[in-house]
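For the protein sequence lines, the chains are A and B, in the order given. Take the first sequence: its position 9, counted from the start at 1, is 9 in the numbering used here, and no numbers get skipped. Take the second sequence: its position 181, counted from the start at 1, is 181 in the numbering used here, and no numbers get skipped.
Check before you lean on any hint, since a few could be wrong.
Computed list of lysine to any residue pairs in SDA-like fashion (alpha-carbon distance at most 25 Å, straight line) [said to hold, decoys possible]:
(1) 160/B to 345/A
(2) 322/A to 199/B
(3) 241/B to 339/A
(4) 322/A to 63/B
(5) 7/A to 191/A
(6) 221/B to 345/A
(7) 221/B to 248/B
Everything labelled a hint here was simulated from the structure, so no lab data went into it. Note that the coordinates shown come from a computational prediction; the quantities given were computed from them, not determined experimentally.
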Amino acid sequence: MNFPDLKGRKVLIHDMCLRDGMHAKREQISLEQMVKVATALDAAGVPMLQVTHGAGLGGNSIQHGFAPHSNEAYISAVAAAVKRATLSVLLIPGLGTMRELDSAFQCGARSVHVATHCTEADTAQQHIAYGRKLGMDTSGFLMMAHLNSPEGIAAQGRLMESYGAQTVYVTDSAGYMLPGDVTARIAALRDALKPETEIGFHGHHNMGMGIANSIAAIAAGASRTDASVAGLGAGAGNTPLEVFVAVCERMGIETGCDLFALMDMAEDIIVPMMDHMVRVTREALTLGFAGVYSTFLLHAKRAEARYGVPARDILVELGRRKMIGGQEDMIEDTALTMARERGIAVSRAA
Amino acid sequence: MAKIRCALIGSGNIGTDLIYKLRRSDVLEPVWMVGIDPDSEGLKRAAAMGLKTTAAGVDGLLPHVATDHIQIAFDATSAYVHAENSRKLNALGVMMIDLTPAAIGPLCVPPVNLKQHTAKLEMNVNMISCAGQATIPIVHAVSRVQSVEYAEIVATLASKSIGPGTRANLDEFTYTTSDALVAVGGARRGKALAVINPAEPPMIMRNTIYCLTDDAPDVEKITESVLAMIGEVQTYVPGYKLVNGPVFDGKRVAVFMEVAGLGDYLPTYAGNLDIMTAAATRTAEMFAEEILAGTLKLPAPQEALA
């Protein structure tokens, strides 16, 4: 069988270093680092970049960690630094609100991913509509997409389109999907949505499938790809952006990005920023293998350190209990319960 | 013993579950169910359970308020119509228990501030939100021991238990609950997070309560206060259960709770809906006891104009 010829196809690349990458940095990216990364992305011709707390607008919390600066401060600093790129934000209803979207827009954000779990699109109606009312490029972002069938994803995508979403994303939050899973979901969406509605894919590299999945998405009709330079993101990171651009160049897919500038940026700016090497570690592979939300990784490692239950065991249990994005509180809860069951003495106060 | 006669407005899940709760009460009696759709399941069920029904909205109830001696009404419709419902019924001397996010009247969490509201006549009290009812008692249990700079709660709800109204207005839920963590819980700042989980079989409602205290938390006193408060909530919500905690990490206090419903009309996983109907019933009972004892007097009901 021949792989489809994608020569001449255009794909809009959306960098995630300064949003999903916040997770890999325990939300601790400085304003100076944000400006430096955004400036380099802009110079390399990356057309879209996302800037917020890892959990998006409203993300500063005990549940998701506190960044050193407000979302407004980050967005304003980056908006002043970039010349060409469009700034986007993440908004998860139930955490972020329209007030915060309004404030992000005032600071210079012009695009928004409105994210829900892959079966709960109808919690995003007011936020998608509000993004459009502000004149923002508005995407619906269906997280943990492996937990819904292709038909289910198509139905949820149609809902988001009906609220005003101009793009619908298949989001592989757990890095669980294989190319066939991606193809089936994107193709179902392509059949269900209006021709003018775009489709995006957001991958995580937990099973090493970030690039292959993103290419499968394009072959099935996607025209937007989320990625991050050097993969800086939750779990084993996002689809590594510079690698993806190299593959696109070889295949004749047009990205408009400067490959060598991105290679230099990965090596000289992003890798030195990493607190740990973002790669397919034992725990990250467990996320992909068990279908667990990538952001849970560092929380589970913290719980292991405090309660003496291995992170891998906690992650597998979270998968078994069908926990989804946003339930970070259940990591400590699960670790406490497992420690009790295993007879590990836990002190109430740390 | 005489009972206070009640009307239920809104014939959905909440209204129907309230029938069960009120029928068990020693001081309340469900008499009327008000809906807007004559073909609705809720109205048919209410009629089958012996209630008088109208599909003409609150206006269909008004002519019967005096003759049927209705003194308390529960509104489980929506924030948009609550104000008008409340105005019409208050004018006839009927007290309103508001289960919508409208929050016209004072916010009420039974074990925290109900006594203060029953001490004087309130013609409209608001029940905040399910997450508020499930978490504010714990925030208060910490803040009555020592000052809380910030309270944050995470409510995880089974997808099947969340109706279209809440889904379409998630921001309202967030704002109402966040504000109540401060106004009733006693924290200086508050933030509420909601997660909707579609797992099958449906998961039981979970609530995590975080408090940041100003000074190092007193582990013994806070633990004792939290456990005592859980006991108080259990008197009207038996499925209110501590899963883990309180655990202390620096100035952070964390309590991990689960709320199972009674399974009256709503399945047990829908602890979020059950805690609202149970809290509303508990609130109405406290007022009803005062009214029956003669310590609280509602304005005399007037005949509705024909």
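Hints, verified against the model:
| no. | hint | verdict |
| --- | --- | --- |
| 1 | 160/B to 345/A | violated, 37 Å |
| 2 | 322/A to 199/B | holds, 6 Å |
| 3 | 241/B to 339/A | holds, 19 Å |
| 4 | 322/A to 63/B | violated, 51 Å |
| 5 | 7/A to 191/A | holds, 22 Å |
| 6 | 221/B to 345/A | holds, 22 Å |
| 7 | 221/B to 248/B | holds, 12 Å |
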